[in-house]
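Q: The lines below spell out each chain.
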Amino acid sequence: MTLTDAGTTRRPAFRPALLLLVGLFVTFYAFALALAPSVRTHVSGFQPELRYLLPLLGWAAGITALQFGAKKLLPRHDETLIPLVGALSGWGLLSIWRLSPALGAKQLLWFLGGVLLMIGGMSIKNLIAVLKQYKYVWLALGLLLVGLTFFIGVNPSGSGPRLWLNLFGVYFQPSEPLKLLLLVYLAAFFADQIRPNISILASILPTLMMVALVGVLLVSQRDLGTASLFAVMFVFMLALTTKRRRFLWLFPLIIAAAGTAGYYLFDIVRARVDIWLNPWLQPSGASYQLVQAQIAIAVGGLIGTGPGLGSPQFIPVAVSDFTFSAIAEETGLLGTSALILLILLLVMRGVVISRHTKSTFGRYLAFGIAAFFALQSFLIIGGNMGLVPLTGITLPFISYGGSNLLTSMLCVLLLLRLSADPGKRRSAESSQKTYQFLSAVLVLLFVLLFVKNALIAVWNRETLIARPENLRWAVYDVYSPRGRIITTAEEPLAVTTGVPGEYQREVLYPPLSSVVGYTSGLYGQSGLERGVYTYLRGYGKPFSEVWKHQLLYNQPPAGSDVKVNLNLSLQKAADALMEGHKGAVVLLNAKTGEIYALASHPYFNANTLSDDFEALMRREDAPMMNRATQAVYPIGTLINFPALAAYWTDAQVRYQFPELSPRLDYACYLAMKSTASRLNPLQYGCESASADLVAGASPEELAEMMRALGLFEAPAVAVESAEAAPDPALDGDFDAWARKAQQTSVTPLQMALMAAVLSNDGSQPTPKLVNSYQAGNGAWVAFGGNTSAVDVFSPELALQLRNQLLADAQPIWYLNGHAPLENGETLTWYIGGTTPQWVGAPLAIAVAIEGNDPELTQQIGSQLLNLLTP
Amino acid sequence: MNAGLLLILRILFLAALYAFLGLSLWVIWKSISGRTSPTAQEPIPPLGLSSTIMESSSAQIFVTPKVTIGRSPDCDFVLQHEMVSARHGVFSYHHQQWWYEDLNSTNGSYLEDLRIEEPIVVKDGDVLFCGEVDVNISIKPIS
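If you read the protein sequences in the order shown, they are chains W and X. With positions in the first sequence counted from 1, the corresponding number in the numbering used here is that position plus 4. With positions in the second sequence counted from 1, the corresponding number in the numbering used here is that position plus 38.
Among these hints, one or two may not hold up.
Said to hold, decoys possible - Subject to a maximum C-alpha distance of 30 Å in a straight line, what follows is the list of computed DSS-like cross-link-like pairs (lysine-lysine):
#1 W/K129 <-> X/K104
#2 X/K104 <-> W/K586
#3 W/K362 <-> X/K178
#4 W/K437 <-> X/K178
#5 W/K595 <-> X/K161
#6 W/K552 <-> W/K576
#7 X/K68 <-> W/K437
#8 X/K178 <-> X/K68
#9 X/K161 <-> W/K129
#10 W/K576 <-> W/K677
#11 X/K104 <-> W/K677
#12 X/K104 <-> X/K161
#13 W/K76 <-> W/K437
#14 W/K437 <-> W/K129
#15 W/K586 <-> W/K552
#16 X/K104 <-> X/K68
#17 X/K68 <-> W/K576
#18 X/K161 <-> W/K75
#19 X/K178 <-> W/K129
#20 X/K161 <-> W/K744
#21 W/K75 <-> W/K362
#22 W/K76 <-> X/K68
#23 X/K104 <-> W/K437
#24 X/K178 <-> W/K76
It is worth saying that the hints were derived from the structure and are not from the lab.
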């Protein structure tokens, strides 16, 4: 009998290592959260946020008390339950505290209350027996409390279903404990059924009625999530106790029936199901929450942004329904997999305890509790991931909600009791097959969660992050400065001001707002802020630096400065000339394509956008549109340019001036009146002359010339551009097109580029608004892309055309034009440029004014060109 | 500095979390597989089995965690009777209990007139009915 001697050391009832690891985990997590704000704002000193100390200490006290209480009162309790509860509740408390310290404090009080309740429950000697004996009393009590919400129910948020009772300022949701009470009732009821297979229907009828009663109560209170959980729980208990697995086939049936009924009876069910089926249909409307939740999981990726470094504020009410997504963003797939595994372990623990419990009631109860945890977690985590429709169910121990936390803790109390005291009555009826099958079903639910989690966080990650609904760039801007936008002469146009955490963007020359653009979490990004976002936001820096910043700070590095080719003095001159008018001016270097001025009037001020946005959107003169690149004006009589060029490509008539009708219209009369010394219907854009020219050229050749001039494709610049007019070749009917050729829509930028062909001896440059960005080493790197000019026609044709359009006594040429606008107004065009006699760089300009004012366009055009006279 | 520290904390909290998960899994696995109580650590209350077949009675006391019964001479407790299967059933000690499980015997095992289909707990004074043989069970508490 040496064996008994060797076995005198009894295994301890709890392993300190388990609790120690949980303590370490929660402590490290709390410290990470405390450190995160100083990491975000790049504070150099050690200034941890002390507010996370309170939940940490409160939690540690609660768990220690629980462990000691259990050790004393239930010496043979299960050793993993309390550590598991500790890990989940600690994680939950800290997450709620991180999202909202006020709610976190409340949750901590609930948690400590739950600890007291658990210790109290441990000291009640025959708790399980009492529960079983008075099953109808408990259920009636639960129903009574839920019934009370009909009369004195409130909703803490002020609107929505009134499911709460106000107990002296503490809100309590009686449907939460009702879940547990119903479970107790079902377990007790089925345990008393000695031979359930005599008549299934007769034996389950009382429970069916009870569950139906509860269901009606909850549905009429619009607590549909809980009602659906009850239905699923009931079927589960039925399958377990009657050992008839086929009851599980009722699941899909019940879900389909309840779903269909709910779909037609309740708007909220319909909305939830529609959102679930098509989350991307209304990403900024009804499904905003779900879309943001999925983006948050995707942003978390594999390792997460780090505790406290993510942006869970983008998910509305993350603290109750979407805690999982908020945790996913900050801890990634690694963290959430561990979270799901923690819950799965708790569930498995419940199943094992159920297996070892000898009383039928205890066995049913333990298994019911395990299934309860599993189904709740599946419904809400699956809801967060878009795996199942959203229900208002909370995540056990994690989500904010006192009633839920208390109920979950009471469930664990029962498991602890059952594990410590397996009961006396022997029973041989536990059916291993049913157990294995039902446990497998529970595990399968978690496998689904793992797979979906990985799909979102890894497989679909890039797609989800790139969604326009992902506004995290706006958060990056607050903590990491964007690069400046400056001119080649180093004059700043847009800069970042403020300190980390409060960075703001300022446009230093507001009339350029539509070009420079704005960047705001509320209104999005526009102009250059959007066009060269990659560089301004720092992604142009070396990969290793970007990667390091993302890993350490969850921010891109400080952005690179970007140079634009705009010339501030020319820009100011253009704006001064345009003041008070509607229209646009584009001035560019005809050889290189560098854009020197890009004026659009009326303009807005990006610095006061948040105050003016509503008013700006209402204004009919569209001040937020960049007319230089986005306005689609009809080409009108400027078609003289391509039409004459197309006419002259025919070798037989080359350079013979066509006979044009000398009839004047009012617009060309006005244009001629101001400057012309002779009758020139071509240069002043008379409509009759245009009609003659278009009729003289073959439609195919006109279309080809216009295509060569780039009128059928939008020029690539770093700011928003209007879509180009469709190429008539697509349609094929050139004759029909030619009759409406003057209505071809073009932008002022396209007209300036067309003008550049004449100034540049027949070749067209690529427009270049942005010049270069500053690389990590301080060197300026030119923006690549196509820089070569494209030959449109011969230098000789350019010379001949220019000669028709020369100005008096100046080395410049110009062409007037006009077109009717949709609102009945007349648009006045002016394009011009320099001739080879010009000593500086060749220039091209386009001016468009909404109004019949050729004198003004001529004045603006010639003055701007002359400003550049060396 | 703060950023580096935060990264270390992130690694540490994940490490602690996964270490906890690993340890919990191990503990749970051990309890599921039923090998939680190695004999060296826990005393086993001696299991006494006695039976009378054709007027010849036999009795044995076991302190091993597993005791097989049946007609085969390989069994720990041999029941020489034609109604008893070669390997009829097995007693095992775990969770501070002695359990009996029928090994799909032809004529079954009964306790208190109930056929045993799942492992059940046996206690001192129980009489197990195997085929046509009564097996008296005595379990002495650990001294």
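Q: Hint by hint, say whether it matches the structure.
A: A quick look at each hint next to the structure:
Our distance criterion of 30 Å between C-alpha atoms is broken by W/K129 and X/K104, whose separation comes to about 34 Å. Using a Cα cut-off of 30 Å, the hinted pair X/K104 and W/K586 is violated, with the two alpha carbons roughly 97 Å apart. Distance restraint check for W/K362 and X/K178: the Cα-Cα separation of roughly 21 Å lies within the 30 Å cut-off, and the hinted pair is therefore satisfied. With a CA separation close to 33 Å, the supplied pair W/K437 and X/K178 exceeds the 30 Å bound.
The hinted pair formed by W/K595 and X/K161 fails the criterion: a straight-line CA distance of about 103 Å is larger than 30 Å. Among the hinted pairs, W/K552 with W/K576 is inconsistent with the structure: their alpha-carbon atoms are about 41 Å apart, more than 30 Å. Distance hint between X/K68 and W/K437 is fulfilled; the C-alpha atoms sit about 21 Å from each other, no more than 30 Å. Restraint check for X/K178 and X/K68: satisfied, since their Cα atoms lie roughly 26 Å apart, inside the 30 Å limit.
Pair hint X/K161 plus W/K129 holds up; C-alpha atoms about 24 Å apart against a cutoff of 30 Å. The suggested pairing of W/K576 with W/K677 holds, with an alpha-carbon distance near 29 Å, which does not exceed 30 Å. With a C-alpha separation of about 117 Å, the suggested pair X/K104 and W/K677 falls outside the 30 Å cut-off, and the hint is violated. The straight-line distance between the Cα atoms of X/K104 and X/K161 is roughly 16 Å, inside the 30 Å bound, and the hint therefore holds.
The straight-line distance between the Cα atoms of W/K76 and W/K437 is roughly 36 Å, outside the 30 Å bound, and the hint therefore fails. Of the supplied pair hints, the one linking W/K437 and W/K129 is violated, its CA atoms being roughly 33 Å apart against a limit of 30 Å. Between W/K586 and W/K552, the direct Cα distance comes to roughly 48 Å. Violation of the 30 Å bound is thereby established for this hinted pair. The straight-line distance between the Cα atoms of X/K104 and X/K68 is roughly 17 Å, inside the 30 Å bound, and the hint therefore holds.
Our distance criterion of 30 Å between C-alpha atoms is broken by X/K68 and W/K576, whose separation comes to about 80 Å. For the hint pairing X/K161 with W/K75, the CA-to-CA distance comes to about 27 Å; that is within 30 Å, so the pair holds. Restraint check for X/K178 and W/K129: the C-alpha separation of about 27 Å stays at or below 30 Å, so the hint holds. Simply put, X/K161 and W/K744 have alpha-carbon atoms about 103 Å apart, too far for the 30 Å limit, and the pair is violated.
Distance check on the hinted pair: W/K75 and W/K362 sit about 22 Å apart at the alpha-carbon level, within 30 Å; holds. About 24 Å separates the Cα atoms of W/K76 and X/K68, which keeps this hinted pair within 30 Å; it holds. At roughly 23 Å between alpha-carbon atoms, X/K104 and W/K437 fall within 30 Å of each other, so this suggested pair holds. The hinted pair formed by X/K178 and W/K76 meets the criterion: a straight-line CA distance of about 27 Å does not exceed 30 Å.
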